[in-house]
Each structure stands twice: as C-alpha cells, then as structure tokens.
Amino acid sequence: MRSALSSTFALFQKDLQSELRTRYALNALLMFVVTSVATILFALRSDQPSPSTLSGMYWVVVFFTAMSSLSRIFVSEEERGTTMTLQLVASPSVVYFGKLIFNAVLTISLTVAVTLLYTIVFSEYFIIKSSSIFFATVLLGSLGFAAAATIIAAIVAKANTRGTLYPVLSFPILIVLLMTVMNATTKALEGAPFSDALEDFQILAGYILVMTGGSFLLFDFVWKD
Amino acid sequence: MTYVKYGSIILITLVIVAGIGIPMSLEPAGFFEFPLIPGLEDKARNIFFHVPTAWTSVLAFLVGTFFGIRYLRTKNIEDDYKSVSAAGLGLLFCILATVTGALWARFNWGTFWNWDPRQTSIFILLLIYGAYFALRSAIESDEKRASLSAVYSIIAGLTVPFFVFVMPRMMAGLHPGARDDPSGKGPLMQSGMIAGNMRVFFYLSLLGFTLLFIWLLNLRIRAARLEHEHSRQQH
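From first to last, the protein sequence lines stand for chains A and B. FYI, the numbering for the first sequence is 60 to 284, going by the working numbering. FYI, the numbering for the second sequence is 10 to 244, going by the working numbering.
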C-alpha cells in the first residue's frame, strides 16, 4: 500500500501527463486569455485605465478563463468513463487533493500568462509597483480559486448541462475571493506598502482553509455514486 | 399547524393594518401614534415588512442547509423535500426583501441600488438560490440531485461568514449599523433608537412572518410528498 502522499502525487502526475499529451486545457486556456484581453483592448481603445479598472479586468479574465477550463479535471473522467476505475484504485481524499493540486498549477500558470500579456499590452499602465503584494495576491488567489473550483467541478461533472452550469455555480462562491483579490491587486498597482494588504491576505488564507477543509469533508458525498 | 396558520394570518393582518394605519406625529402621545422622524417619515413603516422578509430568507437558508446536512447523514429522501421546500420559500422571501429594500433605497437614498454591503450580500444570496435550483434541474436521479444540492448549499453556506464579517469592513455602507455609521450598531441592536410601540409591532411582524414560513413550509413538504407518490404510481 502506497502512502497517501505518493498516490496523490501519482494522480497529479497522471493528469499532468494526459494534459501534456493532448494539451486540451492549455490550448483552450491560452486562446481564451488572448481573445478576452483583445476584447478589453478593443473596448478601451485609447482610454487610460486606472489601477482599479486594470485589476478588475485582470481578475475578470482569470475568472472566465478558469471557468472555461477548470471543470475539465472531473468532466474528462466522466466522459472517458474512467470514474469507476479511479474510485477503485484511489481513496476519495487522494483523488480530491490530486485534482486540487492540478487545478492549482493550472490556475497559477493562467495568472502567469495573463500577467505577461498585461505587462506587454498595457505597458504604460499595468506597472507592478509593489511586487511582494502582487505575487502574494496572485499565489493566494490562485489557490483559493482552485479550492472552490475543484469541488464545484466535481459537482458539475455529475450534472447534465456542465458547460453553462459551472460559472453559474461558482460565481456566488468565488465572489468573496474576487472582491478581495481585486482590492489587493489595486494596492499592488498603486504601490502600497505590504502591511496595507495584510488584511486581504488574512481573508484569502481563511478562505483557502475553509474551502479546502469543507470540500475535503464533503467530497465523499459527491464522488461516490 | 392550525395554530401556526391562524397565528400567522392574524399577526400579519394586524401588522399590515397597524403598520400602515397608525398615524405618525412629531411628538407621539400614547401607544397609537408612531414617532415621525424627519427625512425618514412614512417610509419608516417599511421596517415592518422589509426586515422580517430578509430575516425569513436567511432563516429559510439555514433550515434548508440543516435538512441538506441531515439528508447526507440519513439518505432519507424526506429530508430532501424539506430542504428544497425551505430553499424555494427562501428564494421567494429573498425576492420580497430585495424589492422592498430597493424601493426603500430609492426613496431614502436616491437610487434603487447602491451596492451597499447588505445589498451585495442579498444579491449573492439570490445568486446562490438561483444556482441551487439550476443545479437541481440539471440532475435526473433523485438521490444524486438530493446529495449534490445538499453539498452545494453547504459549500455556499461556508462563504456566508465572509459576507457578514468581512464585507462590511471592506466598504462603507448605507444601512444602519454599517462601518461608518455614527449612531452605532443600528436600531435593532441598540435600545432607544426605535420607539417602544414600533418595536412591539416589529417583533409581532417578525413572529408573523416566521409562522407564515413554517405554515408554507409544511404545505410545500406535503405537496412534494404527494408529487413523489404520484410519479411513483405512474411508473
């Protein structure tokens, strides 16, 4: 019997490998980021976006891109009919944490892509003046995103209208997180000292703990048929 | 249940008649005159309807989540009827609270919607109810629908403390008792801010709406049970 930690990692590796083979999520994600940023550019034209507008737009792009790809992690298992096998070979908590790690990695790479693109296209306005706040926000925000999105993905995978249902179910859960990260990102762009954003980080850390803990306890009921 | 039914009818009728009928004056004399507060005036009467509907919608959410948790433990479909019936009523009262609140906001604060923290929270509560029913309509199997929607309502319930404790700190509000309110914690939490006779009718209204919720919940649970029986006989 392998330890839970190594099985979790094995499951993550399996998802990563199958993703790298097809690049289904990665390609869709990248195209989604490019198209939504292009739309924002068309909408803004020659306007000068303020830090709060930019941080809002940043997370809008992250939210909708994440909504287009994070549910795949469970939906693909249902579509390929591999759910039963996974139920046999791994315990629910191993499955949950394996999928959570994969979604967290995917969200972090997504924020990296959006950040790079923003620094290129909004080179005059999107200037990260306080990088410590920015990196902490993006990291904690991605983890919180992944925590909430993973359990909702598990729920949605069992329903019929998956594509449209996913953002509908996720938005009310994510709204606290979105408001907090937008707030903190604005502070990072305005160059506030790190202590100013400490309260936001406490909220984010609390959110991650509550969501991960709650999902971990409830995952059994979703996963087992 | 008969007591609950007639109790709610009598109390709510009394509150409607008294709440709208009792005159207001700047210097109230006796029990049958409400104080007239400049700037608030007759709009203050809305407190008898707006606050109790908001209270009932939160109560319904808690009841729905409670029976959701019980369903996950017992797997008894009866608990799912209770949970979904409470959620349906919660949505109804949530809409009523939003509408009465928006009207009050229009005539007291100038616009129907200001994104005050409590308006934001009730908007999110509406979204949660909407998502809950969207999820239920997308699952065919009864057991699966019951357990998945129970899990969703618990997950949604986990974010509620953030709205109650976090949001008011992040932004200033217009409701009494918000962060920058100089008068303190709001009229319901503090004594002396609401006239004694209004307080009496307010609590009667709270009780009346709670009884109304219990009565309607009972009706809906019985209807759900009958519907289930009916569909089982057809198969």
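A portion of the hints provided could be inaccurate.
As the list claims (entries may be wrong) - Taking lysine-lysine and the DSS-like style, the derived pairs with C-alpha atoms no more than 30 angstroms apart in a straight line are: (1) B/K14 to A/K283; (2) B/K153 to B/K52; (3) A/K283 to B/K153; (4) A/K283 to A/K73; (5) B/K14 to B/K52; (6) A/K73 to B/K84.
Simulated from the structure, these hints should not be mistaken for laboratory data. In this text the structure is predicted, and so the values were computed from the model without any measurement.
| message | Check whether the Cα positions of B/K14 and A/K283 lie no farther apart than 30 angstroms. | response | 41 angstroms, violated
| field | Restraint status (C-alpha distance of B/K14 to B/K52 at most 30 angstroms) | value | 29 angstroms, holds
| task | Please work out if A/K283 and A/K73 have their alpha carbons no farther apart than 30 angstroms. | result | Judged against 30 angstroms, a Cα distance of about 21 angstroms means the pair holds.
| message | A/K283 and B/K153 were given as a pair; does the straight-line alpha-carbon distance stay at or below 30 angstroms? | response | 10 angstroms, holds
| Are A/K73 and B/K84 close enough, with their CA atoms no more than 30 angstroms apart? | 34 angstroms, violated
| field | Hinted pair B/K153 and B/K52, Cα distance within 30 angstroms | value | Violated - the C-alpha atoms of B/K52 and B/K153 are around 47 angstroms apart, more than 30 angstroms.
The earlier numbered hints that this structure contradicts are 1, 2 and 6.
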